[in-house]
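**Student:** Here the protein sequences come in this chain order: A and B. In terms of this note's numbering, the first sequence is numbered consecutively and its last residue is 79. In terms of this note's numbering, the second sequence is numbered consecutively and its last residue is 1394.
Derived by calculation from the structure, the hints in this document are not laboratory data. Where hints are given, some of them may not hold.
Derived Cβ-Cβ restraints for the label pairs, each shown as a range [unchecked claim]:
{"hint": "1", "chain 1": "B", "residue 1": "G1148", "chain 2": "A", "residue 2": "D25", "range": "24 to 32 angstroms"}
{"hint": "2", "chain 1": "A", "residue 1": "E53", "chain 2": "B", "residue 2": "R1017", "range": "42 to 50 angstroms"}
{"hint": "3", "chain 1": "B", "residue 1": "S1191", "chain 2": "A", "residue 2": "N45", "range": "49 to 57 angstroms"}
{"hint": "4", "chain 1": "A", "residue 1": "N45", "chain 2": "B", "residue 2": "R1116", "range": "51 to 59 angstroms"}
{"hint": "5", "chain 1": "B", "residue 1": "G1312", "chain 2": "A", "residue 2": "A68", "range": "24 to 32 angstroms"}
{"hint": "6", "chain 1": "B", "residue 1": "G1132", "chain 2": "A", "residue 2": "K10", "range": "25 to 33 angstroms"}
Fair warning: this is a prediction, and the values are worked out from it, not measured in the lab. We put the CB at the ideal spot given by N, CA and C, even for glycine.
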Amino acid sequence: MKTKIREVVKKHAGVELANVQDSTDLYRAGMTSYASVALMIALENEFGVEFPEHMLSRTVFESIDSIAHAIDSLSEVNQ
Amino acid sequence: MSPQVETEELIASGAFRQALEIAAGQAADVDRRGRFPSETLEALRAAGALGWSVPREYGGAGAHIGELSQATLELSRRCATSGMAFAMHHIQVASIARHLGGGSPWFEDYLRRVAREQRLIASATSEVGVGGDLRRSIAAVQPPSADGLVQFEKRGSTISYGAQADDLLTTVRRGPNAEPGDQVLVLTHQSQMEMTQTGEWDTLGMRGTCSPGFVVKASFHPDQILPVPFGAIAAETMVPYSHILWAHVWLGIATDASSRAQNFVRAQARQSPGTIPPTALRLSELSARMAQFRALVQTATDEYLDLADKDGRRELSTVGYAVRINNLKIAASELVFEACYGALRICGFAGYGNCGPYSVARQLRDAGSAALQIANDRLHATNAALLTVYREGK
Chain A
1 MKTKIREVVK
11 KHAGVELANV
21 QDSTDLYRAG
31 MTSYASVALM
41 IALENEFGVE
51 FPEHMLSRTV
61 FESIDSIAHA
71 IDSLSEVNQ
Chain B
1001 MSPQVETEEL
1011 IASGAFRQAL
1021 EIAAGQAADV
1031 DRRGRFPSET
1041 LEALRAAGAL
1051 GWSVPREYGG
1061 AGAHIGELSQ
1071 ATLELSRRCA
1081 TSGMAFAMHH
1091 IQVASIARHL
1101 GGGSPWFEDY
1111 LRRVAREQRL
1121 IASATSEVGV
1131 GGDLRRSIAA
1141 VQPPSADGLV
1151 QFEKRGSTIS
1161 YGAQADDLLT
1171 TVRRGPNAEP
1181 GDQVLVLTHQ
1191 SQMEMTQTGE
1201 WDTLGMRGTC
1211 SPGFVVKASF
1221 HPDQILPVPF
1231 GAIAAETMVP
1241 YSHILWAHVW
1251 LGIATDASSR
1261 AQNFVRAQAR
1271 QSPGTIPPTA
1281 LRLSELSARM
1291 AQFRALVQTA
1301 TDEYLDLADK
1311 DGRRELSTVG
1321 YAVRINNLKI
1331 AASELVFEAC
1341 YGALRICGFA
1351 GYGNCGPYSV
1361 ARQLRDAGSA
1371 ALQIANDRLH
1381 ATNAALLTVY
1391 REGK
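Please model the complete structure; the sequences and the hints are all you need to start from.
**Tutor:** Right, dumping it as structure tokens:
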């Protein structure tokens, strides 16, 4: 899943992916709030999920790890 | 309801009442000459009011945003410039006090100094070249020189009371190689800075805030950098505090203008008892608008009070909260102008003049800055982007 997330991040987060580890803070790496919105939408499309209101938060999208964790928790609910 | 009692205690103190009187007395001169309201500031210092938002453990009053809001409103009814300076100062104090990052001896000591010495803090978040975006900086902290001090040089486009403040809280990039959004906050004293004014502040309204541009060169100890990323400070404190306290400045201006209009209509009615003057209909309209304005501002203040502490704090970083707090700023900044213009229509030329009990000229001119101070179109653009992902009410 993280490979897929990396692909979406690469396309939408506006950061240099070579410098990004799974735990890297994407905001510090250069992701703007505009880019983070694009990333949220692209992730919803890619994984077929819908982030509920409380998950549309800075902290949820700050790293590949935290994104993976969020998508995991949503998929569990759906299954 | 202990917070209510405390609000009354701070605001009802004789020393604060005195500051309010002084603000009322000097408002016209501050406006006419475009000078800083120094007498009000001295009176606020005498009341200890610059330390109100400093937590009690550091010698302050530990006031929360509800209390600061009421004080801002009362000041702004008399002199919007004084109210805005008071508001901006407390936005800076809260941005520090709520983000000490689990302990920062330098900043803890600094907060004690704010309370003890009643130091006034200005803000340098704006910058030439970033187009008004709070979350981007060009200036950066430069690596230490031989003496262990670090530097920055920033071209601030508007720094309110920059020349009058004791200290400056500035956004800069964490280092020379950091991304524009990788920002930190730095607190520097006047003695550590060289500030060169660029341009004039000779404006339509809010004239006494003295907010020209400055080139700021600072040399300071690395401990003077707040140990928390600015993104969190902005979302949890600086942006909500700004929008809520500014909204109270504007509510104060509108309250002043509408009570002048009310007095005008009452005087008209007294001249011909038994008939309702035609302006009374406009006053009713204004009264409804003011009710809407007060409700808007109160709701936003209550929501922040609910969320500001540990449990709700995460919620402040959500897309939903960002949309709502931007909406507050947009709506309040438009309502204040509409209310003041409504009051002008009621008072007629008695309102259009710069003097007299029914003058609303200063209030209208001050209100004109509200939609520009962080341009509403910028906030609409941000909300437009956020609303593509956020589903309101879901």
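**Student:** Would you mind marking each hint as holding or not holding in the structure?
**Tutor:** Do the hints match the structure? See the list:
Range check, G1148 (chain B) to D25 (chain A): about 27 angstroms between beta-carbon atoms, so the 24 to 32 angstroms window is met. The hinted window of 42 to 50 angstroms between E53 (chain A) and R1017 (chain B) holds, with their beta carbons roughly 44 angstroms apart. Here the CB-CB span from S1191 (chain B) to N45 (chain A) is close to 55 angstroms, well matched to the stated 49 to 57 angstroms. Range check, N45 (chain A) to R1116 (chain B): about 56 angstroms between beta-carbon atoms, so the 51 to 59 angstroms window is met.
G1312 (chain B) and A68 (chain A) have their C-beta atoms about 26 angstroms apart, which keeps the hinted 24 to 32 angstroms range intact. The hinted range of 25 to 33 angstroms is satisfied by G1132 (chain B) and K10 (chain A), whose Cβ atoms lie roughly 29 angstroms apart.
Checked against the numbered hints above, the structure breaks none of them.
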